[in-house]
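K.L.:
Now for the letters of each chain:
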Amino acid sequence: MRRNQVAVVGAAETTELGVIPNMSQIQLHADAALNAIADAGLKLSDIDGIATAVETPQQIAHYLGITPTWVDGTSVGGCSFMLHVRHAAAAIEAGLCKTVLITHAESGKSMIGKLPRSIPADSLQGQFEAPFGVYGPPSMFPIPVLRYMKTYGITHEQIAMVAVVQREWAAMNPRATMKDPITVADVLNSRMIAYPFRLLQCCLVTDGGGALILTSADRAKDFPRKPVYILGTGESVETPMVSQMETFNSSRAFKVAGPTAFKEAGITHKDVDHLMIYDAFAHLPLYGLGDLGFMPHEETGKFIADGNTRPGGKLPLNTNGGGLSYMHSGMYGMYALQESVRQMRGIAPAQVKDAKISVCHGVGGMFAASGTIIFTNEK
Amino acid sequence: MAEPARAKPKPTPETQHFWDGTQAGELRLQRCDACANVYFPPRPFCPSCASRKVSVFKASGKGKLYSYVINHRPAAPGFTPPYAIAVVELDEGPRMMSNIIDCPQTPEALELDMKLEVAFEKLDDKITLPMFRPAKV
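First to last, the sequence lines map onto chains Z and C.
Using numbering that gives the first Met the number 0, the letters of the first sequence map in sequence onto residues 0 to 378.
Using numbering that gives the first Met the number 0, the letters of the second sequence map in sequence onto residues 0 to 136.
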């Protein structure tokens, strides 16, 4: 894909985040979509492309009253929205549509109008994972981390620092769910969930949503907000079964999506001013730093423990507080994208001064899928 | 009221040989006749070279502990926490999820790379699960 041909011209989250007991999941989609449309200064009838995950594009199109000429229902977990951005950019460049709306919402806490996730007993997961007691992401996502720690000499304290540093960012964000400072001892003494991970190393469970509007860079300059250009993109999938990953020492999907985006963007790691790595659990930023090529995996734990990713550090990471402290409705990728867009617009609560390039890296399932978007505010 | 039971696998035409094997006290894997790749989970073609000429064989049942979590909460139906959910690397190469039996469910007892051997646990007349326990030296 060519650089900077498509831009984000509308971006918004639901009016509220956290516990939203007065809205069903589809209304959370609509709330975010209407906020994004207002942000872009558009009307619903201006939207001719629609993408969403879990809910189908037809559900969202019908609920909002949109007649699209292009749809994308890619649903690969929490990074689906990174893939939507990539696909939408390609579609706009190809002339399949002009103005794309991407929506996410999840009633993750209140569970209103949310389909239950179930694993059929005759699927491969149902036959070869479910019988051994996996039960939701906390029992699955951390399965690789002990191997990763042994291979690279990563300590429990270093991984605990991921949560500590992200709470420092969250403290600067009025919309963050958890803002009180925490220490490594707090993390390592919090309730055990699935050894080696404790409560403060697991993402929040909240309600919320977000939406993005993309159009061609040529049109973007006529919109009310500062355009945020798509500089590079990448995507991949590996396996829905965490036990069947090629290795627990890295994520194959990360290693395809990340470098593809960097190559497309034509940037090096030194050019990155701001970084988002989807943190459903505290080990993900380490995998991300290594697999995206910022440093060898051996150095990732020390890099975070030394404070390089905290406010004022040389690589600001997860500046909204992340899934660990900002919010996590179930498919967090949309909120990572929203924070990258805010940083590129220069309006983030914890704004990184003069940031020009933001890398936003997502995971779907338990390392099952990945999408990377690189944004810039300079054309 | 009966205790909630653990999730029970339902075999498909492509996986029936595996579940027939566990019932017969065998851990069965597949090997590609064309490229010799050994793979899991079951499918009637080689995921490495796409050959449909593949054979089922009895694996050694030996492996080592690749990684695990000790799940505390929420516990799956039929499980009493804390319990380890492990990934075992078989001597033949493939990895599979399982539980570690005859071993304390603690970080001290569950050492990565410890040698394991398969043990079979009958769920009912149709399904027997492959479990692993510390290998006898």
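It should be emphasised that the hints constitute simulated quantities derived from the structure, not laboratory data.
Check each hint, because a few of them may be wrong.
[Unchecked claim] With a cut-off of at most 30 Å between alpha-carbon atoms, the simulated DSSO-like pairs for lysine-lysine come out as follows:
hint, chain 1, residue 1, chain 2, residue 2
1, Z, K149, C, K135
2, C, K7, Z, K108
3, Z, K254, Z, K378
4, Z, K220, Z, K178
5, C, K63, Z, K254
6, Z, K355, Z, K220
7, C, K125, Z, K149
8, C, K9, Z, K149
9, Z, K97, Z, K301
Just so you know, these numbers come straight off a predicted model, no measurement behind them.
K.L.:
Hints first: check each against the structure and report whether it holds.
P.N.:
To see whether the hints hold, each was checked on the structure:
1. About 24 Å separates the Cα atoms of K149(Z) and K135(C), which keeps this hinted pair within 30 Å; it holds.
2. Distance hint between K7(C) and K108(Z) is fulfilled; the C-alpha atoms sit about 28 Å from each other, no more than 30 Å.
3. Taking the CA atoms of K254(Z) and K378(Z), the gap is about 27 Å. The hint holds against a cut of 30 Å.
4. Under the criterion of a C-alpha separation no larger than 30 Å, the hint pairing K220(Z) with K178(Z) is inconsistent with the structure, at around 36 Å.
5. Taking the CA atoms of K63(C) and K254(Z), the gap is near 26 Å; set against the 30 Å cutoff, the hint holds.
6. For the hint linking K355(Z) to K220(Z), the alpha-carbon distance of about 17 Å falls within 30 Å, and the restraint holds.
7. Our distance criterion of 30 Å between C-alpha atoms is broken by K125(C) and K149(Z), whose separation comes to about 39 Å.
8. A C-alpha spacing of about 35 Å is found between K9(C) and K149(Z), which places the hinted pair above 30 Å, so the restraint is violated.
9. The hinted pair formed by K97(Z) and K301(Z) fails the criterion: a straight-line CA distance of about 45 Å is larger than 30 Å.
Comparing the model with each numbered hint stated earlier shows that hints 4, 7, 8, 9 do not hold.
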